[in-house]
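*Asks:* With the sequences and hints as input, model every part of the structure.
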Amino acid sequence: SAVISQKPSRDICQRGTSLTIQCQVDSQVTMMFWYRQQPGQSLTLIATANQGSEATYESGFVIDKFPISRPNLTFSTLTVSNMSPEDSSIYLCSVVPGGSYEQYFGPGTRLTVT
Amino acid sequence: AQSVTQPDIHITVSEGASLELRCNYSYGATPYLFWYVQSPGQGLQLLLKYFSGDTLVQGIKGFEAEFKRSQSSFNLRKPSVHWSDAAEYFCAVFTGTASKLTFGTGTRLQVTL
Numbered sequence: 001s002a003v004i005s006q007k008p009s010r011d012i013c014q015r016g017t018s019l020t021i022q023c024q025v026d027s028q029v030t031m032m033f034w035y036r037q038q039p040g041q042s043l044t045l046i047a048t049a050n051q052g053s054e055a056t057y058e059s060g061f062v063i064d065k066f067p068i069s070r071p072n073l074t075f076s077t078l079t080v081s082n083m084s085p086e087d088s089s090i091y092l093c094s095v096v097p098g099g100s101y102e103q104y105f106g107p108g109t110r111l112t113v114t
Numbered sequence: 115a116q117s118v119t120q121p122d123i124h125i126t127v128s129e130g131a132s133l134e135l136r137c138n139y140s141y142g143a144t145p146y147l148f149w150y151v152q153s154p155g156q157g158l159q160l161l162l163k164y165f166s167g168d169t170l171v172q173g174i175k176g177f178e179a180e181f182k183r184s185q186s187s188f189n190l191r192k193p194s195v196h197w198s199d200a201a202e203y204f205c206a207v208f209t210g211t212a213s214k215l216t217f218g219t220g221t222r223l224q225v226t227l
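In order, the protein sequences belong to chains A and B. Note that our numbering gives residue 78 to position 78 of the first sequence, counting from 1, and the numbers run on in steps of one. All you need for our numbering is the position in the second sequence, starting with 1, plus 114.
Just so you know, the hints here were simulated from the structure itself, not pulled from any lab data. It cannot be assumed that every hint is accurate.
Simulated DEER-style distance windows between Cβ atoms [unchecked claim]: (1) Q172/B / T44/A: 41 to 49 Å; (2) G16/A / R183/B: 48 to 56 Å; (3) T44/A / S166/B: 25 to 33 Å; (4) P71/A / P154/B: 43 to 51 Å; (5) V62/A / T169/B: 47 to 55 Å; (6) T44/A / Q156/B: 16 to 24 Å; (7) E180/B / E102/A: 17 to 25 Å.
Under the rule of at most 35 Å between Cα atoms (straight-line distance), these lysine-lysine pairs were calculated in the DSBU-like manner [claimed, not checked]: (8) K7/A / K182/B; (9) K65/A / K182/B; (10) K7/A / K163/B; (11) K65/A / K7/A; (12) K214/B / K163/B; (13) K214/B / K182/B; (14) K65/A / K175/B; (15) K163/B / K182/B; (16) K65/A / K163/B.
Non-contacting residues of chain A with respect to chain B, defined by C-beta distances greater than 12 Å in every case (computed) [unchecked claim]: (17) I4; (18) Q6; (19) S18; (20) T48; (21) G52; (22) F66; (23) P67; (24) P85; (25) S88.
Beta carbons: idealized from backbone N, C-alpha and C, even for Gly.
*Replies:* Written out as structure tokens, the structure reads:
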């Protein structure tokens with residue numbers, strides 16, 4: 001398994017600003033992902049965070065809006081840029097430890113945009 | 115493309131009663147299947163998984179699930195529900211080549227005392 005922490009746990013932000021969310025894992029992992037969970041909805045994959053290279057984004061998500069960094073095998077950040085109320089969601093990072101197909105999730109960051 | 119259907123949006127059961135949450139998947143090959151639980155204000159916790167072998171798998175908190183290839187189903191069961199089981203439950207399918215999870219829409223479980 002893996003222990004994952006996220007910062008901040010929640011935030012309230014003004015429209016037009018940006019927020020960077022951090023994800024820290026207690027062990028080195030190859031696969032790391034970022035998800036969005038809109039209110040009352042299921043999880044939608046935003047992107048795969050690739051260590052040392054550009055993230056791989058899913059359809060409907062773009063780098064300008066959700067830039068992702070992955071400087072090493074235990075850490076990643078997701079930035080939500082130029083926020084609007086529609087970005088109000090829970091953002092979760094997840095990892096797949098090496099040799100496993102099990103995906104573990106962080107506690108999430110609850111973002112409210114006013 | 116793979117997909118997951120959870121036909122029940124909301125289920126209410128009495129404490130002590132049995133529970134079954136339905137999950138149907140669409141995937142061309144043998145899927146890797148998961149059930150996660152999300153308590154209010156929490157992240158997702160892995161309940162159990164199926165990769166291969168015995169089609170009845172046991173998980174944490176007394177949950178089990180049965181993989182039925184002929185029905186493309188992976189239903190979650192618990193013989194006796196506790197009030198603390200009230201949460202959102204998500205079924206997910208993992209496509210090994212892409213290492214991505216596709217989630218169902220979730221089933222919200224309410225437990226009455």
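*Asks:* Take a quick look at P67/A and tell me if its Cβ sits farther than 12 Å from every Cβ on chain B, holds or violated.
*Replies:* holds (20 Å)
*Asks:* For the hint 47 to 55 Å, verify it against the beta carbon of V62/A and that of T169/B.
*Replies:* violated (41 Å)
*Asks:* Assess, step by step, whether the Cα of K65/A is no farther than 35 Å from the Cα of K7/A, and give holds or violated.
*Replies:* holds (19 Å)
*Asks:* Falls inside 16 to 24 Å, the C-beta gap from T44/A to Q156/B?
*Replies:* holds (18 Å)
*Asks:* Given the hinted pair K7/A and K182/B, is their Cα-Cα distance within 35 Å?
*Replies:* Distance ~40 Å between K7/A and K182/B Cα, so the pair is violated.
*Asks:* So is P85/A really clear of chain B, every C-beta pair being over 12 Å apart?
*Replies:* holds (21 Å)
*Asks:* Decide if the proposed pair is consistent with the structure: K65/A and K182/B, CA atoms, cutoff 35 Å inclusive.
*Replies:* Roughly 41 Å between the alpha carbons, so the hint for K65/A and K182/B is violated.
*Asks:* Take a quick look at whether K65/A and K175/B sit within 35 Å of each other, Cα to Cα.
*Replies:* violated (39 Å)
*Asks:* Would you check whether the claim that S18/A is not at the interface survives, using Cβ distances to chain B and the 12 Å cut-off?
*Replies:* About 23 Å separates S18/A from the closest Cβ of chain B, which puts it past 12 Å; holds.
*Asks:* With d taken as the least Cβ-Cβ distance between I4/A and chain B, does d exceed 12 Å?
*Replies:* Its Cβ does come within 12 Å of chain B, the nearest being 8 Å, so this is violated.
*Asks:* CB of T44/A to CB of S166/B, is that within 25 to 33 Å?
*Replies:* holds (28 Å)
*Asks:* Against the 35 Å threshold, does the CA-CA distance of K65/A and K163/B hold or violate the hint?
*Replies:* The hint holds at about 34 Å.
Hint violations for this structure: numbers 1, 4, 5, 8, 9, 14, 17, 18 and 20, all remaining hints satisfied.
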